[in-house]
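Enquirer: Spelled out, the chains give:
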Amino acid sequence: MMIVDHAGVTLNNLTKSYGSQKVLHEVSFSLNPGQITGLLGENGAGKSTLAKILAGATTPDTGSILIGNKHVSLQTPRESLAHGISFIPQELIYVPRLTVAENICLGRWPRKGFVTSPTQMKTFAESEVTRLGFDLPLQSEMNSLSFAQQQTVEIVKALSRDSKLIILDEPTAALNNDESAQLLSIMGNMALSGASILYISHRLDEVFSICTALQVLRNGSLVFSGDASLTDPAEVISHILGRAEVQLEGRRGNAISQKAVLKIENWSRQQYPSLDAVSLEVHEGEIVGLYGLAGSGAEVVAQTLGGLIPDVVGMTFIDQAAVTTPRSPRHSRLAGIGYVPADRKLQGLVPTLSVRNSLSLLIMRRLAKWGVINAKAELANANGMATDTQLRARSIEQTVGELSGGNQQKVLMASRIAQKPRVLVLQEPTRGVDVGARVELHKLLRKLADSGTGQLVVTSDIEEAVQICDRLLIFREGRVTREFRDLNSETQSAALHAAGGM
Amino acid sequence: MDESTAISRFSKGNSPFRKVVLSEATIRFIILGIFLVVLSLIFSSRNANFTSGNNLANILGNASVIGIVSLGQLLVIISGGFDLSVSGTVPLGGVVFAIILNKGWSVPAALLAAVAIAGIFGLANGILVGFVKISPLIATLGTWYISAGFALTLSDGVQIPFDDRADGILSARTVFGVNNQIWIFLGISLVVTFLLRFTVFGRSLYALGGNREAARLAGIPVSAMTVSVYVISAFMGGLAGAILASQLLTGSGTAGINSALQSIAAVVLGGAALTGGVGFVAGTLVGVIILGALSNGMSMLGIPAFFQTMATGIVLLLAVILSQFRKRGSFRKSEQVSSSKSQPQHPTN
Chain P
1 MMIVDHAGVT
11 LNNLTKSYGS
21 QKVLHEVSFS
31 LNPGQITGLL
41 GENGAGKSTL
51 AKILAGATTP
61 DTGSILIGNK
71 HVSLQTPRES
81 LAHGISFIPQ
91 ELIYVPRLTV
101 AENICLGRWP
111 RKGFVTSPTQ
121 MKTFAESEVT
131 RLGFDLPLQS
141 EMNSLSFAQQ
151 QTVEIVKALS
161 RDSKLIILDE
171 PTAALNNDES
181 AQLLSIMGNM
191 ALSGASILYI
201 SHRLDEVFSI
211 CTALQVLRNG
221 SLVFSGDASL
231 TDPAEVISHI
241 LGRAEVQLEG
251 RRGNAISQKA
261 VLKIENWSRQ
271 QYPSLDAVSL
281 EVHEGEIVGL
291 YGLAGSGAEV
301 VAQTLGGLIP
311 DVVGMTFIDQ
321 AAVTTPRSPR
331 HSRLAGIGYV
341 PADRKLQGLV
351 PTLSVRNSLS
361 LLIMRRLAKW
371 GVINAKAELA
381 NANGMATDTQ
391 LRARSIEQTV
401 GELSGGNQQK
411 VLMASRIAQK
421 PRVLVLQEPT
431 RGVDVGARVE
441 LHKLLRKLAD
451 SGTGQLVVTS
461 DIEEAVQICD
471 RLLIFREGRV
481 TREFRDLNSE
491 TQSAALHAAG
501 GM
Chain S
1 MDESTAISRF
11 SKGNSPFRKV
21 VLSEATIRFI
31 ILGIFLVVLS
41 LIFSSRNANF
51 TSGNNLANIL
61 GNASVIGIVS
71 LGQLLVIISG
81 GFDLSVSGTV
91 PLGGVVFAII
101 LNKGWSVPAA
111 LLAAVAIAGI
121 FGLANGILVG
131 FVKISPLIAT
141 LGTWYISAGF
151 ALTLSDGVQI
161 PFDDRADGIL
171 SARTVFGVNN
181 QIWIFLGISL
191 VVTFLLRFTV
201 FGRSLYALGG
211 NREAARLAGI
221 PVSAMTVSVY
231 VISAFMGGLA
241 GAILASQLLT
251 GSGTAGINSA
261 LQSIAAVVLG
271 GAALTGGVGF
281 VAGTLVGVII
291 LGALSNGMSM
301 LGIPAFFQTM
311 ATGIVLLLAV
321 ILSQFRKRGS
331 FRKSEQVSSS
341 KSQPQHPTN
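Just so you know, the sequences run in chain order P and S. Just so we're aligned, residue 1 is where the first sequence starts under my numbering, counting upward by one. Just so we're aligned, residue 1 is where the second sequence starts under my numbering, counting upward by one.
There's no promise every hint is true.
[Said to hold, decoys possible] Partial selection, computed: residues in chain P whose CB lies under 10 Å from chain S:
no.: 1; residue: Ser332
no.: 2; residue: Leu346
no.: 3; residue: Leu361
[Unchecked claim] Some chain S residues close to chain P (C-beta under 8 Å, calculated; not the full set):
no.: 4; residue: Phe198
no.: 5; residue: Thr199
no.: 6; residue: Val200
no.: 7; residue: Phe201
no.: 8; residue: Tyr206
no.: 9; residue: Ala207
no.: 10; residue: Glu213
no.: 11; residue: Ala215
no.: 12; residue: Ala218
no.: 13; residue: Gly219
no.: 14; residue: Val278
In case anyone wonders, no lab produced these hints; they're calculated from the structure. Glycine included, each C-beta is placed from N, C-alpha and C at the ideal position.
Make the full structure from the sequences, and use the hints.
Expert: And the structure:
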């Protein structure tokens with residue numbers, strides 16, 4: 001791999017306000033060549049604004065940016081690119097119907113006059129991909145690729161521009177563990193080749209595994225700046241929140257009721273991801289975690305209970321009574337199952353609906369007589385759910401599309417809790433939400449368990465699984481291969497090992 | 001704390017923090033209302049007859065036909081689709097109405113026949129879009145051609161005058177000297193308003209248009225809902241066609257062939273989004289009336305029809321551009337809000 005001598009990037013007293021609201025307040029730090037810097041903070045702490053300033057998408061009110069020791073002006077994305085700064089946003093920007101090679105060369109296709117040369121383009125893309133040590137189907141259309149591969153293409157695009165600074169905004173939020181691990185190792189390689197990397201993430205485990213320097217923003221101010229090896233996650237969390245993290249209490253351990261609210265027996269599925277005679281129980285007031293790598297079958301169990309996958313055979317019992325395994329989302333709801341899907345934007349929420357309407361979406365019929373919704377009952381339900389979940393919004397009539405990720409997730413969960421389900425099935429309950437909201441969501445689940453609702457949590461975040469579950473089942477190749485009780489900090493590595501990762 | 005007050009405070013009736021937040025729809029409605037007033041002032045300053053009771057009834061009477069079509073179109077657009085085939089079902093409804101009347105049947109029977117035959121095309125649209133998953137553009141383009149061709153075939157390309165002049169009842173003036181079609185239009189407006197605001201059906205429709213997959217996962221029968229809105233839209237088309245025929249005292253295969261684009265223009269002007277999930281009756285009403293007033297006023301001033309068409313386009317674009325500016329403004333506002341949102345120190349209950 002080619003080693004390029006890069007100059008570092010220094011941020012000097014950056015301040016930015018929107019109206020009277022200061023979103024960044026005199027932020028200064030340096031990004032050194034060959035170093036991965038983790039940028040942490042809650043949603044709204046100013047991380048994205050900082051990234052946007054570096055990418056040239058917005059400009060600071062005061063303060064300056066230096067590359068080496070030269071002042072640079074980053075007024076437009078084009079200027080940023082010219083200075084060797086690449087920004088890979090959370091939602092990728094690419095041209096879906098062009099090939100991988102065309103996307104890599106986007107905006108600078110080799111050409112003669114008005115004519116581009118597909119051969120030259122392919123040669124260029126090929127040499128870049130090999131030089132960087134990747135493997136990509138160069139002639140495939142971009143939209144036929146997996147999300148992880150698309151991200152890799154964006155990274156190749158950034159690196160082939162000889163970027164001095166690469167900014168990644170929550171790149172692993174939508175990746176599974178394998179893909180995340182791959183991406184993290186790629187970032188390690190990029191740093192080795194001499195680039196500075198600014199890594200924005202909510203995942204503390206990842207941040208601590210790859211970052212050498214850490215910067216923490218809170219309410220627009222830099223509250224911590226230092227070496228990753230000289231601090232620990234607990235300290236960082238206290239900086240992010242401005243207070244110590246509250247530990248969850250009241251885990252039941254062995255004192256769980258023996259009454260099963262959900263029982264599945266001999267669930268099997270031929271198609272990939274397959275299931276092979278899976279049986280499990282969730283008791284009243286118990287939180288059961290399912291953990292496995294992508295394709296292990298854990299998510300198939302959740303999706304089947306939610307009525308998304310109709311081809312699983314086997315027996316299902318709710319409150320000890322046999323029911324047909326859900327064949328549709330409607331069916332699932334009627335059986336007494338609440339299902340919180342993994343992707344709140346695509347599958348969970350209707351962005352144009354108000355908070356009030358979203359919270360009654362699944363119980364409209366219960367609130368209605370002759371098809372006419374009782375407005376008072378609806379308002380009471382919405383106010384109650386908003387209070388229970390400590391929802392923060394301007395008003396109950398605000399549309400959910402305008403809320404922050406954490407508050408959207410609260411609305412999504414509350415809309416399912418409003419069903420008063422016998423068992424709540426949750427997929428990735430805190431994906432992409434900040435640390436503060438995560439703690440609140442975890443508390444909410446615990447409170448719900450205390451009131452007797454059994455829960456099945458499928459998560460790819462092992463830290464979360466260990467933190468909130470009473471019992472953890474490990475899935476591997478369509479089977480439950482191991483069960484953990486009495487979860488503690490050592491369970492994490494044992495569970496990872498059992499699942500076949502790392 | 002300022003804007004980011006926890007909702008829980010509202011529930012306790014403690015609302016000093018509550019700001020009057022006008023919804024996007026309300027603001028759009030106000031802008032359109034002002035526009036309508038300005039437009040009326042301009043026209044009446046040039047020709048005092050513009051605001052005479054007789055002329056206002058005229059504007060409303062003419063707008064009623066396209067208004068009824070627009071109410072159906074509104075439902076389809078909220079659900080995330082749109083319906084081009086009304087350009088076929090309106091003339092078809094008129095032709096069927098005339099033919100059946102001339103066979104000596106009663107007005108209600110003829111009306112029922114017109115609505116039912118149009119409804120068949122709505123059912124086809126619904127099945128094509130909701131179950132076969134063809135895009136609304138292609139599906140309703142196809143049924144537009146079929147229904148428009150069918151109307152021309154039935155009428156043999158010529159106009160079918162009513163044998164009995166009393167059959168113009170749908171547009172006659174009865175109650176308070178106001179045309180019946182206006183009463184019908186206002187009545188349907190009320191029903192659709194109620195449907196959208198207070199019923200499970202309306203709520204499901206907004207959910208379906210806002211995010212189809214989320215609506216499906218919430219247990220809403222999305223395909224059946226899709227069929228129902230296209231059927232309603234076709235019913236409205238058939239009804240509007242019958243009224244138009246009643247107004248003209250003749251059924252014609254070419255009357256109302258611009259219904260699709262006119263109704264889509266009115267609905268969009270009234271604040272609905274073609275991406276679905278957004279739209280309301282009051283906005284559509286004002287949209288319809290603005291378009292009606294525009295063509296009426298320009299005719300009174302003797303402006304040629306070609307210019308009227310251009311003016312309609314300009315008004316539509318202006319309204320949509322205006323709402324874009326507003327969106328950008330509110331985006332900025334919400335950015336501020338989110339940045340002040342998660343201050344951990346603030347008391348949450």
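Enquirer: Compare the structure with each hint and give your call.
Expert: Here is what the structure says about each hint:
Interface restraint check: P:Ser332 against chain S, minimum CB-CB distance 8 Å, threshold 10 Å, status holds. The criterion of a C-beta within 10 Å of any C-beta in chain S is met by P:Leu346, whose closest approach is roughly 6 Å, and the hint holds. Annotation: interface hint on P:Leu361 holds; nearest CB of chain S at approximately 5 Å, less than 10 Å. Of the supplied interface hints, the one on S:Phe198 holds, with its beta-carbon coming within about 5 Å of a beta-carbon of chain P, less than 8 Å.
The criterion of a C-beta within 8 Å of any C-beta in chain P is met by S:Thr199, whose closest approach is roughly 5 Å, and the hint holds. A distance limit of 8 Å between C-beta atoms decides the matter here; for S:Val200 the minimum to chain P is near 5 Å, and the interface restraint holds. The criterion of a C-beta within 8 Å of any C-beta in chain P is met by S:Phe201, whose closest approach is roughly 6 Å, and the hint holds. Given hint, S:Tyr206 at the interface with chain P, holds; its Cβ is 6 Å from that chain's nearest Cβ, closer than 8 Å.
At about 5 Å, the closest approach between the beta carbon of S:Ala207 and any beta carbon in chain P falls short of 8 Å, and the interface hint on this residue holds. Given hint, S:Glu213 at the interface with chain P, holds; its Cβ is 5 Å from that chain's nearest Cβ, closer than 8 Å. Contact between S:Ala215 and chain P, as hinted, is supported at the beta carbon level, the nearest pair being about 7 Å apart and thus within 8 Å. With a least beta-carbon distance of about 5 Å to chain P, the hint placing S:Ala218 at the interface is held under the 8 Å criterion.
At about 4 Å, the closest approach between the beta carbon of S:Gly219 and any beta carbon in chain P falls short of 8 Å, and the interface hint on this residue holds. Here the hint on S:Val278 is kept, as its CB sits about 6 Å from the closest CB of chain P, short of 8 Å.
When the structure is compared with the earlier hints, no violation turns up for any of them.
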